[in-house]
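Peer 1: What follows is each chain in one-letter form.
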Amino acid sequence: MGIEKRLIDDTNIARGVEHATPERITKVIRDVLKGEVGARVKIYEETCMRCGACAKACHFSLSHADDPSYTPVAKLDKTIFKMIRTKGKLTADQIREMAQIAYTECNMCRRCIHYCPVGVDIAYLISLVRRICNKLDITPAFIQDTANSHSGTFNQMWMREDEWIDSLFWQEEEARDEFPGIRIPVDKEGADFMYSVIAPEPKFRTQLIYQAAAIFHQAGCDWTMPSQPGWDNSDMCMFTGNYEIMGRLKRAHFELAQKLRVKRIVMGECGHAFRSIYDQGNRWLTWKDSPVPVIHSIEFFWELINEGKIKITHQYQDPVTIHDPCNTVRGRGLADKLRDVVHFLCANVVEMIPNREHNFCCSAGGGVINCGPPFKSVRLEGNRVKAEQLRNTGVHTVVAPCHNCHGGLEDIISHYKLGMHTKFLGDIIYELMEKPEV
Amino acid sequence: MNALYNFAVGPLAWVAFTICIGGTIWRLWSLGRLARERDASALAYMNWKDAITSFVRWTLPFSTCGWRENPLLTVANFVLHVGVLLSVLFYSAHNVMWDYNFGISLPSLPDGFMDAVTIATILACLILAWRRIAVSASSHVTRRADWFSLLLVTGVMVTGFASTHGVGSEDFMALLHVLFGEVILVCLPFTRLSHAFLIPFTRAYMGSESISVRRTCDW
Chain C
0 MGIEKRLIDD TNIARGVEHA TPERITKVIR DVLKGEVGAR VKIYEETCMR
50 CGACAKACHF SLSHADDPSY TPVAKLDKTI FKMIRTKGKL TADQIREMAQ
100 IAYTECNMCR RCIHYCPVGV DIAYLISLVR RICNKLDITP AFIQDTANSH
150 SGTFNQMWMR EDEWIDSLFW QEEEARDEFP GIRIPVDKEG ADFMYSVIAP
200 EPKFRTQLIY QAAAIFHQAG CDWTMPSQPG WDNSDMCMFT GNYEIMGRLK
250 RAHFELAQKL RVKRIVMGEC GHAFRSIYDQ GNRWLTWKDS PVPVIHSIEF
300 FWELINEGKI KITHQYQDPV TIHDPCNTVR GRGLADKLRD VVHFLCANVV
350 EMIPNREHNF CCSAGGGVIN CGPPFKSVRL EGNRVKAEQL RNTGVHTVVA
400 PCHNCHGGLE DIISHYKLGM HTKFLGDIIY ELMEKPEV
Chain Y
0 MNALYNFAVG PLAWVAFTIC IGGTIWRLWS LGRLARERDA SALAYMNWKD
50 AITSFVRWTL PFSTCGWREN PLLTVANFVL HVGVLLSVLF YSAHNVMWDY
100 NFGISLPSLP DGFMDAVTIA TILACLILAW RRIAVSASSH VTRRADWFSL
150 LLVTGVMVTG FASTHGVGSE DFMALLHVLF GEVILVCLPF TRLSHAFLIP
200 FTRAYMGSES ISVRRTCDW
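Order-wise, the sequence lines are chains C and Y. Just so you know, we're using numbering that gives the first Met the number 0 here: the first sequence kicks off at 0 and counts up by one. Just so you know, we're using numbering that gives the first Met the number 0 here: the second sequence kicks off at 0 and counts up by one.
Hints are supplied without guarantee of correctness; some may be wrong.
[Claimed, not checked] Simulated pairs of lysine to aspartate or glutamate, EDC-like, Cα-Cα distance not exceeding 16 Å:
#1 Lys258/C with Glu188/C
#2 Lys33/C with Glu68/Y
#3 Lys55/C with Asp65/C
#4 Lys375/C with Asp8/C
#5 Lys55/C with Glu36/Y
#6 Lys202/C with Asp161/C
#7 Lys41/C with Glu36/Y
#8 Lys26/C with Glu188/C
#9 Lys4/C with Asp144/C
Honestly, the hints are just simulated from the structure, not real lab data. This one's a predicted model, so the numbers in the text were calculated from it and none came from an experiment.
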């Protein structure tokens with residue numbers, strides 16, 4: 000029991016630990032606690048009553064019912080509260096333990112806010128732990144690599160500018176067989192909206208760009224995709240704790256939209272990217288709201304459906320269940336709109352329980368899946384409750400409008416042999432929508 | 000004993016109340032200043048409507064996930080806090096004291112009822128103590144500070160009950176009761192007991208953030 004008993008080797012964490020002297024650790028912790036944060040952290044540490052009510056919230060603690068070290072309060076007690084208690088006098092090995100807890104055993108999904116009588120913002124505190132670990136270079140290698148990519152290229156996948164543009168042209172060309180006259184308008188100034196995606200889309204889920212283009216084309220949208228760095232709306236730096244780069248990424252994204260003079264930004268089916276513009280990135284930049292209006296695909300599809308612009312030939316007949324992503328539903332209240340869209344598309348919808356803002360996380364979010372193969376078992380063993388929740392629906396199709404959720408759910412489905420598969424809203428709309436006869 | 004009691008309810012009480020009120024004002028002022036300096040990104044979203052909504056919701060037993068799924072904690076928590084409030088404000092002996100010292104008092108509830116409230120509150124303290132030992136999610140993270148605040152509240156209730164029901168020496172129990180009360184007053188601004196005046200702020204923020212920014216709820 001306890002993190003000491005389940006430490007996992009990671010090359011980057013090991014390298015960071017080697018260089019973290021006690022003096023440096025104390026300095027970094029004090030700098031962050033005294034220079035970057037203030038009353039909130041102090042009050043949370045003081046008023047957390049250690050009642051353990053949050054144990055019922057967290058999929059990690061529910062999946063490890065006999066091990067209290069997985070409860071949200073235990074994770075705080077072992078990390079940020081310990082940093083405060085000890086005034087930063089910690090060893091590199093202790094920081095290593097904290098890093099594993101903060102990066103791989105908490106998805107920052109915020110389900111615990113529904114359980115804490117005090118109102119402690121646990122995800123905020125965990126992100127603070129990550130910030131400190133990252134400043135000490137003690138961050139899992141795989142997610143650190145995505146952050147490095149963000150720093151070097153402004154996208155998460157080390158994509159070169161020409162590769163990105165080529166991917167768009169390639170998808171446009173592919174789609175022309177099916178939709179004569181279709182365009183993926185690149186850098187079209189003054190369009191109604193700029194469509195932004197995360198870099199894994201051009202890298203290995205390119206069909207999603209195809210599908211989005213098909214949907215927008217059939218709906219008669221006036222849209223564009225940017226060619227310049229800033230096109231990737233993802234933000235792994237938000238999850239590593241490198242807020243300087245997080246801020247730059249968000250700024251670049253919005254400045255691109257402003258340069259193109261679009262009326263608004265529509266984000267693809269990704270949760271964390273959405274979080275980065277309404278929660279963390281904007282605050283780092285001291286923006287209370289976005290400088291350009293942004294909506295998520297869930298809401299955009301909802302608009303298109305309500306305006307009668309998406310026409311389907313038939314409804315999806317196999318029963319489906321809805322997975323509510325943390326960052327769009329618990330984080331931005333899109334539960335009703337998501338249901339409206341799914342019920343429009345599908346004839347038979349079985350709700351999973353709990354659902355909406357009380358849904359269990361996929362355990363991939365918060366950058367946990369991005370910590371890579373070394374930590375895969377952490378999120379799989381840590382989300383047995385999700386497997387049970389999925390199994391209890393008795394359906395074979397899970398609608399999950401979020402990339403991380405897809406990755407996480409597919410892994411859970413395979414690990415627990417649930418015999419299910421996941422779909423994006425775009426997958427179903429594309430499958431069902433009216434297409435031209437060619 | 001009498002002189003000691005008079006000292007406890009006289010100068011000592013003034014010191015305790017001064018530290019409690021002064022300490023609370025100082026803590027709120029200094030935390031408020033710190034929040035304005037460093038937590039602007041949180042303060043920016045705070046608003047009264049959402050704060051009150053969240054506060055009301057969490058003030059009703061079993062109306063949130065946290066309360067519903069932790070029934071024993073919920074019952075013990077509400078009995079404890081309501082019991083303490085009723086005892087302080089509406090117990091006849093306390094009102095006599097308020098009246099004697101300040102010429103003001105609130106209406107008193109019947110002594111028999113208040114006895115039941117006191118016993119229920121003591122039981123609630125015992126349940127919470129049991130949780131801190133037996134429920135691993137709580138015992139795993141319980142520290143001395145948590146025991147200390149629970150011990151003070153249990154102590155003040157037990158000695159209060161004992162002093163009026165002939166358990167042990169009445170004078171000694173009354174003295175202990177007063178001393179427990181005064182230690183609570185002195186500790187309130189600086190220990191875990193500060194949740195009494197800090198929780199309204201944590202709830203206000205979480206309510207505002209959840210309802211206005213996250214467009215959902217915090218229950």
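Peer 1: Now look at each hint and say whether the structure bears it out.
Peer 2: Structure-based check of each hint:
1. Distance check on the hinted pair: Lys258/C and Glu188/C sit about 8 Å apart at the alpha-carbon level, within 16 Å; holds.
2. The straight-line distance between the Cα atoms of Lys33/C and Glu68/Y is roughly 37 Å, outside the 16 Å bound, and the hint therefore fails.
3. In summary, the hint linking Lys55/C to Asp65/C is supported, as the alpha carbons are separated by about 12 Å, within the 16 Å threshold.
4. For the given pair, Lys375/C sits about 12 Å from Asp8/C by alpha-carbon distance, which is consistent with the 16 Å threshold.
5. Using a Cα cut-off of 16 Å, the hinted pair Lys55/C and Glu36/Y is violated, with the two alpha carbons roughly 35 Å apart.
6. The suggested pairing of Lys202/C with Asp161/C holds, with an alpha-carbon distance near 13 Å, which does not exceed 16 Å.
7. For the hint linking Lys41/C to Glu36/Y, the alpha-carbon distance of about 14 Å falls within 16 Å, and the restraint holds.
8. Between the alpha carbons of Lys26/C and Glu188/C the distance comes to roughly 48 Å, so the proposed pair goes past 16 Å and is violated.
9. A C-alpha spacing of about 27 Å is found between Lys4/C and Asp144/C, which places the hinted pair above 16 Å, so the restraint is violated.
Hint check: violations occur at hints 2, 5, 8, 9; the rest are consistent with the structure.
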